[in-house]
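2 protein chains.
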Amino acid sequence: MDSKLIKQVTVVGTGVIGNGWIARFLAQGYDVIATDPAKSAESRMRTAIDKAWPALLKKGLAAEASKDRLTFEPNLTKAVLNADLIQENAPERIELKQTLIQTIDQHAKSDAIIASSTSGIMPSTLQEKCKKPERVIVAHPFNPVYLVPLVEIVGGKKTSSDVINRAVYFYESIKMKPLVISNEIEGHVADRLMEAIWREALHLVNDGIATTEEVDAAIIYGPGLRWALMGPFLTLHLAGGEQGMKHMLEQFGPALKLPWTKLVAPELTEELTNQVVAGCQQQTAGRSISQLEQRRDHFLIELLQLLEKYWPGANLSGRV
Amino acid sequence: MDSKLIKQVTVVGTGVIGNGWIARFLAQGYDVIATDPAKSAESRMRTAIDKAWPALLKKGLAAEASKDRLTFEPNLTKAVLNADLIQENAPERIELKQTLIQTIDQHAKSDAIIASSTSGIMPSTLQEKCKKPERVIVAHPFNPVYLVPLVEIVGGKKTSSDVINRAVYFYESIKMKPLVISNEIEGHVADRLMEAIWREALHLVNDGIATTEEVDAAIIYGPGLRWALMGPFLTLHLAGGEQGMKHMLEQFGPALKLPWTKLVAPELTEELTNQVVAGCQQQTAGRSISQLEQRRDHFLIELLQLLEKYWPGANLSGRV
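Chains as they are written, first to last, in this note's numbering: chain B, 1 to 320; chain W, 1 to 320.
I should point out that these hints are in silico values taken from the structure, not numbers from a laboratory.
Note that the structure is a prediction, hence the values are computed from the model and not measured.
Among the clues, some could well be false.
When chains are identical, the list treats them as one kind, so a pair holds in a single copy or across two.
[Unchecked claim] With a cut-off of at most 20 Å between alpha-carbon atoms, the simulated SDA-like pairs for lysine to any residue come out as follows:
1) K7 with E128
2) K78 with Q106
3) K246 with N206
4) K39 with S110
5) K131 with L81
6) K131 with P91
7) K177 with I209
8) K132 with N165
9) K246 with G286
10) K59 with E302
11) K58 with L306
12) K129 with S110
13) K309 with L5
14) K175 with Q28
With the rest of the complex left out, here is chain B (with noise of 0.2 Å):
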């Protein structure tokens, strides 16, 4: 269980998740190979880990970080052949990842860990088809990985423990903070919140109760402040003053049989999905994808910052 049996790092598959973990590995200092079948992958991933970098800057990069120590290796093979750890980022396909995966574990050296970034297939699905499923995990990240701590850790029926702790000392190591989830569902734990309020959200567009615009604004000016301090649980629990949470389930238990929220998703309808496309558009008035994610770059580092001001070394019990 040495971290730095972890040395060299292969990201598998290069679109925004892939190039976020290349970009954040790279920043701590390791030496990463990065693998795609796609024509245009490597000029793309070097122009988003370009982008990326003044962040990382102003984050404050590793000693020895550099971007000089990635290497793009088309064949999938030859990439993975000397990693000690496999990131895995393909689309999320159950067939096409279960193949991937079978094809690295092949491969890749006996003692590498195998993590795929799925937000939604469980691992045991994933390792189905390995020789050595042992060390196949789900390591989930969120956009933008190079800057958002959280990733969850999730391991199949057949994952080592050991894997599982090693695994959670290197995502330690390069600064993320490891949620390890003892039983795997779909969606692991925060994509399914997420997945809740995306649910509603369309209902709301679908039903013209609110527009896109509308929608986030209720969520940034809103509960989203309390969010980045405090998840569900302890808002409650401090919006029911001296009581707590328990004041709070007394109050508002009766609300949860009323019929609020949508029970099942709407359907996705060129209508819903044009109004929707549409006002993204003209929620961002003018502004270029890639402004936009300075901008969010830029203030993340410095909220993170913040939250360290307040929580100074805040570990997985929560900023309390």
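Using the hints, position chain W against chain B.
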């Protein structure tokens, strides 16, 4: 439509929300009369204002702001007599609120605005028994009311648009972000989103997937950092790469069909209640609610400053 019309504000009901309103009104330089039928209401109210005051000092008071401009008047009729705006914060029971608002309507000045802080009840229901229903609105705030800017403004079937306009002008003048919701529904907008998360969070605890602490950690170290900044729509827009929301809907739309989130609220059994209450107590590690509130308040002030730095004068179009 002159906000100067509103000079004297009366707050009916002095629980957590009522006292939060009083603190905000006082800090913005208003004369406030408070009323509550409970015996020790006045002393609890004064304690609450004293506790909020240091945060408000740090945030900055209006020139004429003073705690001395607060009067407690146990008699409801007298309390509302000269008010330009009455902010009602009684418990969430329909009949109680209807009767209370009916009484206020009988005794208030004819051009006074009657605003209910209700989180769930529709304004059309609240104004049913009033002689002058056109001046009844919902103005739903978020805890802590003296710092969080969002206020949802909802008119009922009989509310006049002039009253809505006057209310928006007034709440803006006390440094809030009024979000006018055109179609009334139970829970308005923000609470429907929070309720969706809250149900899912209870299920995760109930099913033994995560503790309250782990659920909270899954928010504060991940999605919560973004929600201070972006609502659910803009978050996904930025997660979709250069294609933004369009790509996200294509990629993740099908996942909405999966039975990820739980469809109905779990039974609030004694066991689940105890589990949730004990979880929150453990998370707070012996810190009093009061200590937690103070830290939250000072953090929120700096967070709001940070948001202002990156999005000076952001309006309801959000932080883009």
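Consistency of the hints with the structure:
Taking CA atoms no more than 20 Å apart as the test, K7 paired with E128 passes in neither setting, with 27 Å inside one copy and 69 Å between copies. For the homomeric pair K78 and Q106, the shortest alpha-carbon distance inside one copy (12 Å) is at most 20 Å, but the shortest distance between copies (81 Å) is not. When the C-alpha separation of K246 and N206 is checked against a cutoff of 20 Å, the pair qualifies only between copies, where the shortest distance is 16 Å, while the shortest distance within a copy is 35 Å. For the identical chains of this complex, K39 and S110 are neighbours neither inside a copy (30 Å) nor across copies (71 Å), given an alpha-carbon limit of 20 Å.
In this homomeric assembly, K131 and L81 come within 20 Å of each other (Cα to Cα) only inside a single copy, at 16 Å, whereas the closest approach across copies is 79 Å. Taking the shortest alpha-carbon separations for K131 and P91, neither the intra-copy value of 23 Å nor the inter-copy value of 60 Å comes in at or below 20 Å. In this homomeric assembly, K177 and I209 come within 20 Å of each other (Cα to Cα) only across copies, at 18 Å, whereas the closest approach inside a single copy is 37 Å. For a Cα distance limit of 20 Å, the shortest separation of K132 from N165 inside one copy, 17 Å, qualifies, whereas the shortest one across copies, 66 Å, does not.
In this assembly of identical chains, the alpha carbons of K246 and G286 lie at most 20 Å apart only when taken from different copies (16 Å versus 47 Å within one copy). Taking the closest pair of Cα atoms, K59 and E302 come within 20 Å of each other both inside a single copy (9 Å) and across two copies (19 Å). Within a single copy, K58 and L306 get their C-alpha atoms as close as 15 Å, and across copies as close as 16 Å, so both meet the 20 Å cut-off. Proximity of K129 and S110 under a CA criterion of 20 Å is satisfied intra-copy only: 15 Å inside one chain copy versus 75 Å between copies.
For the homomeric pair K309 and L5, neither the shortest alpha-carbon distance inside one copy (33 Å) nor that between copies (43 Å) is at most 20 Å. Taking identical chains as interchangeable, the C-alpha atoms of K175 and Q28 lie at most 20 Å apart only when both belong to the same chain, with a minimum of 8 Å there against 42 Å between chains.
When held up to the earlier numbered hints, the structure conflicts with 1, 4, 6 and 13 and fits the remainder.
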